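Colleague: Sequence:
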Amino acid sequence: MNKSSGFAFAFLGLIWGSNFVFAKWATALISPAQVVFLRVLFGFLPILLFALHRRVLRKSDLKHWPHFVVMAMLATVFSYYTYAKGAALLPSSVAGMLSGAIPLFTFVLASLFLQHEPVTVRKMVGVGLGFLGVFLVAHPWTTGAGQLDVRGVSYMILGSLSIGTSFVYAKRFMAHLNISPLALSTYQVGTALLVLAALTPFEGIGNIVQNAAVFGGLVLGLGLIGTGVAYVLYFYLFQRMGAVQASMVTYVVPVVALLIGWLVGGEPLHVLDAIAIVSILGGVYATQMAGSSAKGTEPDATRATSQGFDRLAGRRELSDRQIADADTKSRVDAELSHMTRSWDARRRSSARKKPGIRASMALRKI
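For reference, each letter of the sequence shown is one residue, going 194 to 559 in this note's numbering.
Calculated from the structure, these hints are not laboratory results. Everything numeric in this text was worked out from a predicted model, so none of it was measured. We treat Cβ as the ideally placed atom computed from N, Cα and C, and that holds for glycine. Among these hints, one or two may not hold up.
Claimed, not checked - Cβ pair distances, simulated, as ranges:
1) 306 x 394: 33 to 39 Å
2) 459 x 409: 17 to 23 Å
3) 459 x 245: 38 to 44 Å
4) 365 x 399: 41 to 47 Å
Just need the whole structure built from these sequences, with the hints factored in.
Modeller: Here is the structure:
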């Protein structure tokens, strides 16, 4: 990780971790639905401008609009709304910690609906450990002043489940559509803005300007930066570091939310909170690393070819921005097709080779 990627990684963790305190402040003046509308409105502008600059938007993508509607509802409209409701009812630090369960829900749903996601003992232990952390955050046994609002916890869990569902839906139904992540984000957030504009009751939305700090936090912290710039930064990390390493930023978000709630929001910090966040992040780490270990058992030649395929696929994804010549695009497509066939051939060859055959070939060389 170079300096620019490291800075983007840390800044993105700070942005996403601070979203919950901004949402909590805003819901004191306007409704959660209005908070979500303003967040998406101001957040969509940087995404759209960046997508236009990169030239990744294509008219041919619009034929997939039903998928964009589903993704907009799962990953933006419903999840943002439930997160805003949860932040209004809970301390922002607790809301942020509960958002750390997103990878856990993603794994459970992927195991149920994606055939190539094997279930191992290590993954199951990780899921159990993660949900134990969620249980500790909620601490339902507590009564009195320290008791959390069950509705707020439920909203946060539903939001995390919705985002996890969107990841699995995208992987199952949209991975083959050859749409860049930046373009998909633009279509998703743009569609969500249209839906929210139709559903949001606007009465009283002007109350947000009564407090300049809260208004600035909503427009800048939650909208322009917290949504728009955050999407752009994640796309940057995705290109520089790859999807797996970029997703590691989810480890930072609950920790940042916990610290910001304590330092800025004046919320109490308990030993149980630290234990819970370690449990959640430990469970996420166990499930993700178990998947990485399984992938690491492939032959070296296959892994090398796979890495080359990923790099070439990245080149194809960026072709709309970098390659204006149709002939050059055709050559990239042909090279990608050739690499795909080569990758499949090497995997089949590796699977057919037996130890005895390899030993015989080595003796012949001697």
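Colleague: Return the numbers of the hints above that this structure violates; sort them in rising order.
Modeller: none
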